[in-house]
Structure formats: structure tokens, C-alpha cells
Amino acid sequence: AQSVTQPDIHITVSEGASLELRCNYSYGATPYLFWYVQSPGQGLQLLLKYFSGDTLVQGIKGFEAEFKRSQSSFNLRKPSVHWSDAAEYFCAVGGEGNKLVFGAGTILRVKS
Amino acid sequence: DAGVIQSPRHEVTEMGQEVTLRCKPISGHNSLFWYRQTMMRGLELLIYFNNNVPIDDSGMPEDRFSAKMPNASFSTLKIQPSEPRDSAVYFCASSLWGRSTEAFFGQGTRLTVV
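Read top to bottom, the protein sequences are chains A and B.
For the first sequence, our numbering begins at 1 and goes up steadily by one.
For the second sequence, our numbering begins at 1 and goes up steadily by one.
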């Protein structure tokens, strides 16, 4: 069965600093990978997804993620964080059938 | 399209009462998912439907929980009887069938059972 590990529960970065959120997945076949963001009191919004092709994918709000098959990773990055990026970020893998399996999430705090 | 619509946004109920959560998926989507989010367990998939048929309900915690999808534009998640440990945010999401397609989430229903 598929699974996702996000090893960092909380991360704090200074505004303007770079960001990397880690995600490791377990899936026997070609993984379909997603990053979602959740602001307080809101549903989840898709940032980006990977299912084939270029291993570096661009998303909304200036985010990007790199798929590394050899490391079973799909880390999310942003070169310069804004205060409005403070939220919870979820990595997910598309598994059997049509379902998404989510990681535990990483809460991002941004210091001004 | 207005997106996935869930109602109510907030529900407070007493232990033992029946609770019904509602979801209207995005028009044209043929897959629907119910998730539960808690601090302790994160996002858990409870059940999902494809073309109104339940495909996997292995995440439904116990018989007190049931879900239906009578047509392509409406689904319900029912808890009867409710218990305090059912307090959580319940999300509905919809998508087109296929592993590479993204799921669109509703705003969620925050359920508090007292």
C-alpha cells in the first residue's frame, strides 16, 4: 500500500528566506504526486502535481517541486517566502483506484 | 463552477444524536471522497465513490458511519449515534476518475460533539 512521510511537523523560516519541505513516498508503481496547501479554516488547494515528464514541476504561488525516484522524494521549494505562505502543506500520492493518500502535513510559520 | 460545496460549515451536536453532512461535487466530476481531519490522525480517507458507487469504504471507522451518493450531484455522510471522539473537520472532495487527476476540496464541516 502507498504511504507518504513528511518528516517535519513544523518549520519556521524568515520572510524572504528560501524554503524546502520534505516529502518521501512509498508506492510500488509509477507515483503520481501532489502538494496541497491548507490555510486556517479552509479546504486544501492544489499547489502542483507530478505524473510524468520533467522531474522539476512548477506550481502556483511561486512553488516548485522536484521528483527524485532514486530517493523516493518529492520535496517542495520556494526561493523566497512571503508572510502569506504561512499555512499547512500536505504531500500526497495517487494510489489504487483514484484515491489520494496524504502525509501528516508540515506547518509553516513565517517570521517577519 | 462554485467548487465543491459542503454544508453545514459548522455543526455542534450532543452525544447520541444523528448527524448528517452534505456535499455537492463539482459538476462533471465522477469521483467523490470523504476525508476526516484531526490533530491526532491527520487526513484520513473514509470512503470514496466512483460513478455514485462506493469503491472503498475501508476507512470508515465503524458501523455508526455511513455514506451515500444517490446521484452524481449529491452525497451524504451520516453518523448515528454521534460520539465526542467523532469531533473533527470532515472534507468532501471530487475529481475526475484517474490517478493523475487532482482532487478539489470543499471548505469542510467542523463537527463538534459534546
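Watch out, some of these pointers could steer you wrong.
Only pairs whose alpha carbons sit at most 20 Å apart, straight line, appear in this in silico SDA-like list of lysine to any residue [claimed, not checked]:
{"#": "1", "chain 1": "A", "residue 1": "Lys49", "chain 2": "B", "residue 2": "Trp97"}
{"#": "2", "chain 1": "A", "residue 1": "Lys68", "chain 2": "B", "residue 2": "Ser100"}
{"#": "3", "chain 1": "A", "residue 1": "Lys111", "chain 2": "A", "residue 2": "Lys68"}
{"#": "4", "chain 1": "A", "residue 1": "Lys49", "chain 2": "B", "residue 2": "Asp56"}
{"#": "5", "chain 1": "A", "residue 1": "Lys49", "chain 2": "B", "residue 2": "Leu96"}
{"#": "6", "chain 1": "B", "residue 1": "Lys78", "chain 2": "B", "residue 2": "Asn50"}
{"#": "7", "chain 1": "A", "residue 1": "Lys61", "chain 2": "B", "residue 2": "Leu96"}
{"#": "8", "chain 1": "A", "residue 1": "Lys49", "chain 2": "B", "residue 2": "Ser7"}
{"#": "9", "chain 1": "A", "residue 1": "Lys49", "chain 2": "A", "residue 2": "Lys111"}
{"#": "10", "chain 1": "A", "residue 1": "Lys49", "chain 2": "B", "residue 2": "Lys78"}
The set of hints was computed from the structure by calculation and includes no laboratory data.
Hints versus structure:
1. Annotation: proposed proximity of Lys49 of chain A to Trp97 of chain B holds, straight-line Cα distance about 16 Å (limit 20 Å).
2. The hinted pair formed by Lys68 of chain A and Ser100 of chain B meets the criterion: a straight-line CA distance of about 18 Å does not exceed 20 Å.
3. At roughly 30 Å between alpha-carbon atoms, Lys111 of chain A and Lys68 of chain A are farther apart than 20 Å, so this suggested pair is violated.
4. Between Lys49 of chain A and Asp56 of chain B the CA atoms are separated by roughly 24 Å; this puts the pair beyond 20 Å, and the hint is violated.
5. Distance check on the hinted pair: Lys49 of chain A and Leu96 of chain B sit about 15 Å apart at the alpha-carbon level, within 20 Å; holds.
6. Between Lys78 of chain B and Asn50 of chain B the alpha-carbon distance is near 19 Å, which keeps this suggested pair within the 20 Å criterion.
7. Simply put, Lys61 of chain A and Leu96 of chain B have alpha-carbon atoms about 24 Å apart, too far for the 20 Å limit, and the pair is violated.
8. Our distance criterion of 20 Å between C-alpha atoms is broken by Lys49 of chain A and Ser7 of chain B, whose separation comes to about 28 Å.
9. At roughly 28 Å between alpha-carbon atoms, Lys49 of chain A and Lys111 of chain A are farther apart than 20 Å, so this suggested pair is violated.
10. The hinted pair formed by Lys49 of chain A and Lys78 of chain B fails the criterion: a straight-line CA distance of about 32 Å is larger than 20 Å.
Figure legend: structure checked against the earlier numbered hints; hints not met, in rising order: 3, 4, 7, 8, 9 and 10.
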